[in-house]
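Novice: Below are the chains, spelled out letter by letter.
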Amino acid sequence: MDAAVMDTDKHHEAIMTPAEPLIMKQGTPKIVTKDVTVHYGEKQAIFPLDISIPDRAVSSFIGPSGCGKSTFLRCINRMNDTIPICRVGGKITIDGSDIYDPDLDVVQLRARVGMVFQKPNPFPKSIMENVAYGPRIHGMAQSKTDIEEIVVNSLKRAGLFEEVKDRLDAPGTGLSGGQQQRLCIARAIAVNPDVILMDEPCSALDPIATARIEELIDELRENYCIVIVTHSMQQAARVSQLTAFFHLGTLVEVGDTEAIFTNPQERRTQDYIMGRFG
Amino acid sequence: MLVLVAVLVVLAFFYGKSRGSALGTAGGKLHSLPYYHGYFVALMVAIPLLMLAVAWPAVSASFIEARALAILPADLQPADGLARDAVMRDIRLLASGVISDPDRLSAYPQGVRAAAADFAKLNWASGWLQIAVGLLVGVGAAMLASRKLSTRFRARNSVERIFLTVLIICSAVAILTTVGIVFSVIFETLRFFAKVPVTEFLFGTQWSPQTALRADQVGSSGAFGAVPLFIGTTLVMLIAMCVAGPIGLFAAIYMAEYASPRARSVAKPILEVLAGIPTVVFGFFAALSVAPLIRRWGESFGLEVASESALAAGIVMGVMIIPFMSSLSDDVINAVPQSLRDGSYAMGATRSETVKKVVLPAALPGIVSAFMLSVSRAVGETMIVVMAAGLAAHAVSWDLIETFNPLQAVTTVTVQIATLLVGDQEFESAKTLSAFALGFVLFFFTLILNMIALRVVARFKEQYD
Ligand SMILES: Nc1ncnc2c1ncn2[C@@H]1O[C@H](COP(=O)(O)OP(=O)(O)O)[C@@H](O)[C@H]1O
Ligand SMILES: [Mg+2]
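Protein chains in written order, with my numbering: chain A, 6 to 283; chain B, 60 to 524.
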């Protein structure tokens with residue numbers, strides 16, 4: 006725990022002995038982090054952070070912007086490696102294996118840990134090629150029919166197939182924002198990941214498209230470990246089972262979503278949920 | 060005169076400003092800040108004064124010259140334009156007073172000396188008159204302008220309008236000169252085609268523009284088939300693009316995708332230096348270093364290489380275009396949004412997969428247009444080919460290997476334009492006019508290329524606004 010934060014926080018006992026979230030009791034956690042820190046150059050963005058994330062459930066990260074939610078999320082698939090000034094410390098394990106192990110192949114890790122971004126970013130290719138991108142680079146299918154099968158299945162699971170089945174060769178950039186985001190989800194699940202990270206996936210979408218994505222996330226929960234960053238507390242309450250509240254680079258409180266929203270232990274969590282800051 | 064203009068304008072500014080503040084303190088709220096009043100008065104003074112400064116010398120010079128010629132005695136009156144210029148030269152020389160030696164002075168006829176004295180006096184008078192008129196106009200304009208000043212006067216808006224007018228005039232000058240050049244080229248081209256049929260020009264395979272100057276002169280009648288020039292141009296351009304296209308593109312990919320900020324900070328200035336080298340320098344580099352090198356290299360294979368070859372010119376031209384190509388491509392690659400790269404990396408793609416499958420396809424339209432702009436640069440380049448590719452038109456035949464042999468000397472459209480217009484020319488001859496026709500072809504070709512390229516780039520930008 007960061008000393009500065011402890012000084013200013015009268016309720017720190019609550020973090021030291023957190024009640025274990027019910028959701029975690031259902032099985033072994035999928036992702037476990039220990040003392041994870043992140044620096045951008047000289048600036049520390051994440052202070053030692055421990056969290057356990059359950060499998061086959063949706064976990065949400067909430068907190069005011071700039072508190073390090075995205076930064077932490079990007080540690081889980083090592084996207085921070087692409088930022089030269091970014092240094093990550095501590096340990097993160099998925100299914101017990103350390104993902105920062107020097108022997109581990111980042112390429113394979115990212116195939117197992119998919120990611121969906123804030124702004125839909127379909128490649129400037131056809132819908133078909135967008136979804137086929139991952140399977141192709143990972144050599145998951147050789148023949149054209151295999152690829153097509155994967156594409157169709159992924160589009161179906163992302164709930165997009167019915168809308169685009171007649172125009173699989175049309176450019177992915179021609180779809181509406183919500184459809185593009187579902188295309189990105191289809192693209193991510195095409196390589197059969199265990200974990201899907203979503204960084205504010207609905208913040209660029211209108212309410213109807215948002216509802217559609219939320220529904221989809223709820224369906225996907227049965228098969229994946231999903232981590233979603235959101236700035237909307239209603240969304241966190243609607244889709245997630247576990248909620249973690251971040252503030253100024255620290256994890257303030259984590260627990261069952263219902264518990265966090267009805268009975269937060271931490272003063273800062275309470276303030277944030279009541280809309281008193283952020 | 061310019062000093063006068065500057066002084067008056069500065070004075071007008073402060074006058075306007077003080078009037079503005081005086082109005083402000085005297086009564087009520089000013090619509091515009093006092094210094095806008097200053098600007099307004101200054102501009103109102105500056106514009107007529109500058110117009111006067113430009114127009115006066117032209118008008119007064121022709122007037123004074125006519126006077127000087129008029130008072131020449133009848134026997135000294137010039138007979139034609141040439142003689143007139145000669146006499147005026149003498150008069151000007153004498154009037155400037157640089158000849159003080161009485162012996163040399165007396166070499167000029169009395170009449171010319173008298174005219175020169177008058178010329179000098181008039182010039183002197185004109186100078187002072189101009190200053191006087193300038194003062195008058197300046198003060199008058201200031202008075203007129205300051206009459207308009209009041210608390211409610213919208214000096215700010217007026218200044219805005221005046222600035223707008225000045226800007227519009229400047230753009231108009233730029234556009235009109237372009238249009239003027241285009242029209243004069245088209246006009247001269249049409250005159251050329253009146254002498255030489257279009258079909259002969261476009262499809263003829265014989266280029267030897269030496270027309271006989273006098274009817275009795277021996278010499279060819281001139282042949283204006285431009286095909287050898289087009290082939291030469293194409294050949295040099297193709298070689299140049301073979302060098303500049305891949306190297307420029309790969310350099311751009313390296314710079315945009317792989318280079319660390321430190322490598323970038325070293326490599327980028329070096330490329331910019333390369334872009335800043337005058338083409339003449341490239342030209343003699345091609346002629347003196349590369350061409351002999353290629354020749355020796357060719358001879359070691361038993362090939363016959365001309366001392367001036369399309370290959371040498373093309374390679375050096377390619378080197379010259381590399382920075383152009385790479386900086387354009389660098390821009391378009393950088394314009395590909397980072398989110399696409401992130402998307403690809405997040406799928407587990409490696410860097411080269413990301414570049415190959417996402418970044419380049421996304422940047423392709425931009426790269427194509429960078430390529431086209433480079434081509435038009437290559438086609439228009441003159442100095443390198445003048446120095447390294449040769450002057451003689453290459454024989455054209457159906458023997459394609461021979462016709463496109465890069466080891467031989469070729470000549471290009473630009474080289475011919477340059478040689479046609481070097482030295483004394485008779486403006487009416489088909490030879491001179493053919494330069495315009497070539498220029499027109501060149502202009503037309505690069506115009507089309509640039510237009511397509513710019514259109515593509517605009518589309519590309521739209522896609523990622
Ligand atoms: N690429 C980067 N370079 C430097 N600093 C960064 C970078 N990305 C994020 N940060 C900093 O890290 C902190 C956390 O940012 P981020 O993780 O994006 O917050 P959130 O997603 O919670 O809004 C911020 O202070 C931000 O300025
Ligand atoms: Mg964020």
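Check the hints yourself; a few may be wrong.
With a straight-line cut-off of 30 Å between C-alpha atoms, the simulated BS3-like cross-links for lysine-lysine are [stated by the list, open to error]:
1) Lys96/A x Lys48/A
2) Lys490/B x Lys130/A
3) Lys76/B x Lys124/A
4) Lys161/A x Lys415/B
5) Lys327/B x Lys48/A
6) Lys96/A x Lys124/A
7) Lys416/B x Lys124/A
8) Lys170/A x Lys416/B
Read the hints as simulated data drawn from the structure, not as lab findings.
Novice: May I ask which of the numbered hints given earlier this structure violates, with the numbers listed in increasing order?
Specialist: 2 and 3
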